[in-house]
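Engineer: The residues making up each chain are set out below.
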Amino acid sequence: MTSAMYNNNQLRLWSLKNTSHANRLFGYMALKVCTAKCHGSNFSAMLVFLDNLLLSVRYFGHPQARVRGFLLLPFFFLTFVSLNVDASVSIPSHSQNETPRVAAIDWTLVETLMSLGIVPVAAAQIRDYQAWVVEPSLPEQVVDIGLRAQPNRELAASLNLDLVLTSPLYGAIEPTLSQIASVQTLTTYNPENDFWQNLVETTRRVGELTNHSAEAEAVIEHHRRQIDQMKEKIATDTPPLLVVQFIDDRHVRAYGKGSLYDMVINRLGLQNAWKGETNMWGYTTVGIEELITEGYLVIVDPVPMSAEGVFDNNRLWQALPAVRHDRVLSLPAVWSFGALPSAVRFADELYQALTDQHATELGLKNL
Amino acid sequence: MISLHRRASPAYICLPLVIICVVITFNLLKQTLPDVSQGAFDFSVGLSGPEAKAMSTAVFQFSVLPRMTIALLVGAALGLAGVLMQQVLRNPIASPTTLGVASGAQLGLLLATLFAPRLLAFGSEWVALAGGVISLLIVFSLSWHRRLAPVAVVLAGLVVNLYIGALSTVLILFHQEEFRGLMIWAAGSLAQNSWSDTLHLLPRLVVVAILAGLMARPLGLLELDESSASSLGISVRKLRLMVLGLSVFITASAVSLVGIVGFVGLAAPVIVKLMGARTLAQRLLWAPVFGGLLLLTTDLFLLQYSAQLPSMVPTGAMTGLLGAPLLLWLIPRLSLKSTAPSTSKTTLQTARKPTSRMFLWLLVLLTTASILALFVTQSIGGWVFNGTGQWESIVTWRIPRVLAAAGAGVLLALAGATIQRMTGNPMASPEVLGISSGTAIGLILTIYSSANVTAPLLILAGATSAVITLAVLILLNRRTGFQSERLLLTGIAIAALFEPLRSIFLANGDPRIQQVIAWMSGSTYYVDSSTGLSALIFAVMMVALIPLVTRWLDLLPLGRNVALGLGLSVDRVRLILLALVAILTAFATLIVGPLSFAGLLAPHVARMLGFSKALPHLVGSAIVGALLMISADWLGRQVLFPQEIPAGLVAALLGGAYFMWGLRRY
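Residue numbers (this note's numbering), protein chains in the order written: chain A, 108 to 474; chain B, 69 to 734.
Please keep in mind that the hints were generated in silico from the structure rather than gathered at the bench.
A portion of the hints provided could be inaccurate.
[Stated by the list, open to error] Computed cross-link-like contacts, DSSO-like style, restricted to lysine-lysine with a CA-CA straight-line distance of at most 30 Å: (1) A:382 <-> A:340; (2) A:472 <-> B:121; (3) A:338 <-> A:472; (4) A:364 <-> A:382; (5) A:364 <-> B:98; (6) A:364 <-> B:121; (7) A:382 <-> B:98; (8) A:340 <-> A:364; (9) B:121 <-> B:98; (10) A:382 <-> B:121; (11) A:364 <-> A:338; (12) A:472 <-> A:340; (13) A:382 <-> A:338.
Only chain A is shown next, with the shape it has when bound in the complex:
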């Protein structure tokens, strides 16, 4: 409100100082807009603005006044813009128990929404979501609102949203998005806390915001139980795991503390073999000579085309202990920055792969 008042005072000052006809007219118009804005909504300000527009058209009709009328042009921009200063937005309120019309920018949150059975009205970069997150897949009717870092706000505004969910990664757009709908920024990647707990908190919070608290608790419980069941069945003497994703034929991402994969591995009662430094999102980029582990080497798809088949004849690769002992597990793609469903999917794939591997190893021993 302060900036609106400042604007108001400034305009009054202008209109008092200048006595020329044109400027007095402008001062009158600007004052009217500002007053309307302070006391009413954007809509009433808009009406006043239209009124001003009519006035000035009449004014432009007089040929002698046309020159002075040109002076008005820059001030028109001011009037336009003063409409927007300190815009207080009335958020369309939805009743207490209904599902709000929600959009999600961050894919982790899209996934969380889907897991609660809520189909978002809009999401960002849907084509890439389908390619990289894959599951749960988004139905046709979800509107694509563009890049995650720059969602199309005009489009979002036309969707009549109640709620926009985003993560601190896209924090820069929060102020402007909040003119469209109420924006909630949820932090999932916080290296200081336990990652499982972070995911649970995010799911719970999404549940609260969308009036789906009961479903959220059920989903959390369901996923917890699934992982616990797998944990009981996995042999406790399973050697440590080193989870990597290939970037090209020379580099891999190794996932350590603070990543989704690491959390799942710990949750299953297993050990992550990567003890090196990781970044804020729990991974680091290394060459394949660093992939030395006595345990299993877990490769998560997709393997880029440049790295396909390169390692069949690679002597360094052959020398890796995991390769030498036939302890390489290949898992289908799981989004590495995913939410609870991704976590459980990874746990499940890992469990399957370990079980198969175990059977093979037993078979070899029995021979």
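With chain A fixed as given, assemble chain B onto it according to the hints.
Structural biologist: The following block gives chain B in isolation, referenced to the frame of chain A:
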């Protein structure tokens, strides 16, 4: 060129590098071979004795050794390519990176990854070669009219680098996940896991080196001027083409294997020349040796200290970072043949007489573009043409962007027009002067180092780095009296510092990439109404101030002596104008990022339309700049709806075709 010590030999600088390499290698071996030290395998629980030995032997044999070899080979290849390019073009600052060959190769690979991945399986070397050749051809066609004068070639190289950078940026913006691998490549990682790369590069390098050796004698004669060389019976043109082809080929071979390695190609020939390799034969021998050692030393240092670094720093980006200060140091020591007189005349030729009608037309166009940008858009149900019912979104979303685009366009156009008149160089622009890049460096570092990025912090960081860049420009050019060509070269060096920083940021696959590159490619997305309004007000104020500088800008293109004779204290005026340009650029960069080409294009268009005297030229440029940015912003919002292409990038694409076509006439 000057040489530091008359009796010096490049061996004096190569020997210490060899010693450093041996020391670090020994140190690394101690870490790698467990026989010497116990602590290296602390994370491989229970790796038994013989197995550990086998593994560490494999690591040494198939990772460490090939990596050291490839560092030597790539450095040698780039050093050789640099010598050849510098000799053929008689240009002391020609190199694979400054001529745009490396970035052309990168764009080729990006496009192939996206649209024809099978092509890469066939041979990424050829894709890289095609990209490199195409961008080199563009550079030549841009500088042909100035008979490939050194500064013209390097400026054209910079402009092509900037364009290709813009194009790559938009590809990365929309395909962040697919390009994970290519980003590491672009930063030049030397990591190896077999001998295949070495076996690939070695024969090519040997062949090229032999061919270069055979051509050394005729090449040496090129140091004489062209007519005397041809009178000695050399087909100058054929020789040049062949040697250039060789150097581009060996660059593409090296680059397609390990990625873009900055500045070794420039630094190696220049340093061995400074160290006393006076003849071409000496340089052909020493530059590859020194280049290889330089790259190996850098790589070994990075290997040694990689554990202490917060993020992965690929070697190629590191040499780029080291090379930029070298270029800055080198610039005051270069002797440049001045080509100013011919340009200053041609650049000011008027195509036709301008009239006030032209201004009117421009204003009408500007108004039309603004109305289009405000009222016409796509929505979920298709195109929307009339304003009813969309007042809210016009006021909230479109006006700030149109205001900001117009304001930034005006500011950049004014800066560009000023600097082009001041330096008498049609390629000069705020982007070229490095102020945009300097501001961007500050902003990238701020975003990277602080967890909570706020707008005031960004403004502060941007303004500070713009001032620092300006101070560097002034300090390095004060002694030479702000001579235009040196000024532009300083700008190139600063811009060259920006590229590796960006590469490092991208190579780490930081999820914040998208936001950073969206901003870097000149988006009005983050502008709010107060920013937009202040941009326009500032722009209008600056336009109002034009009459104060028109006399200077009318006199400066006539050349230093004429201007002095007419009572202009040239150095002081240049300083003031430089400060003005810096302020304009910094402000515009804060709004739309460093990569909009309005500053380069708008003054051109204005001059093509016939505005030749300073006052109409500046005002005309301002209008064209606003027009360009408003249309670019609108197009960017509509073309890939609902995704938005940043305005600066669209402006670059729009202007690119015009630029290639129009510039050859100057």
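Engineer: Checking against the hints above, which ones are violated?
Structural biologist: none
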